[in-house]
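Just so we're aligned: the sequence shown equals residues -25 to -1, 1 to 182 in mature numbering (1 follows the signal peptide of the UniProt record, and there is no 0).
FYI, nobody ran anything at the bench for these hints, they're computed from the structure.
A hint or two may mislead.
[To be verified] DSS-like cross-link-like pairs, simulated, lysine-lysine; straight-line CA separation at most 27 Å: (1) 124 x 17; (2) 36 x 24; (3) 180 x 36; (4) 153 x 24; (5) 153 x 124; (6) 77 x 24; (7) 153 x 36; (8) 17 x 180.
[Said to hold, decoys possible] Simulated restraints, written as ranges between beta carbons of each label pair: (9) 84 x 7: 21 to 29 Å; (10) 83 x 9: 44 to 52 Å; (11) 7 x 65: 29 to 37 Å; (12) 175 x 73: 20 to 28 Å.
None of these values were measured; they are calculated from a predicted model.
Each residue gets a CB set at the ideal place from its N, CA and C atoms; glycine is no exception.
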Amino acid sequence: MRFAPRTALVGALAFSLLAGGAVVAQSAMTRVPAEVQAGAYKLDPSHGKITWSVDHLGFSKYYGQFVNVSAELTLDPANPTASTLTATIPLTDVAPNDDGLKRHLQTADFFDTANHPVATFRSVHIMIDPTEPNEATVHGELTLRGVTKPVTMEVEFNQAGQTRGGYKAGFDGEATIKRSDFGITYALPGVSDEVELHIEGEFVKQG
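With the hints as extra help, turn the sequences into a complete structure.
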């Protein structure tokens, strides 16, 4: 079925309203990093989490999540390498979809949350490939169980623009760590030493 231009526009607006979203002009969004507003951002906790996965005895890849992550981002699009990122991960808010495992992860076999209730990350250096401006390599430090180790995260910029929740910038990231580096050796080697992390977040501009 073919719509006249005016009918198509009305239909698009009606669909957007029925879908529960505010009508935002496409031009308000950008996928060009240099066009993102500079300033201080905070992670929207309802749209930010860390998914982790390990190899389980060779049978499957087991997934879980950390929720209620808090993070602060300072963006400098004119000089992206000057941007900074810090994050705090509440280890008691792990969601492995198994109550028994969640309790076990709190013990000294794993996170030892009685003594180390949170993990933290802070960026040290950010590198941008001029040929891939939407991607960045974030070199940082992860502190877990009182141990600090360097971690490299590959980050992809998705888009930025005005939404009902404010001006936002969205990113996805991936990193791989070895849990033994942080003193977590329980169930090795059956459960993999390497832990794959997938980070996703929408950051809201402050002020």
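Checked hints:
1. 124 x 17: holds (24 Å)
2. 36 x 24: holds (19 Å)
3. 180 x 36: Violated. Residue 180 to residue 36 sits at ~36 Å, over the 27 Å cutoff.
4. 153 x 24: OK: residue 153 and residue 24 at ~20 Å, within 27 Å.
5. 153 x 124: At roughly 10 Å apart (the allowed maximum being 27 Å), residue 124 and residue 153 satisfy the hint.
6. 77 x 24: holds (17 Å)
7. 153 x 36: Status holds; Cα separation ~16 Å.
8. 17 x 180: Within the cut-off at roughly 7 Å; holds.
9. 84 x 7: 21 to 29 Å: About 46 Å separates the Cβ atoms of residue 84 and residue 7, which means 21 to 29 Å is violated.
10. 83 x 9: 44 to 52 Å: holds (47 Å)
11. 7 x 65: 29 to 37 Å: holds (34 Å)
12. 175 x 73: 20 to 28 Å: Given range 20 to 28 Å: holds, Cβ gap about 22 Å.
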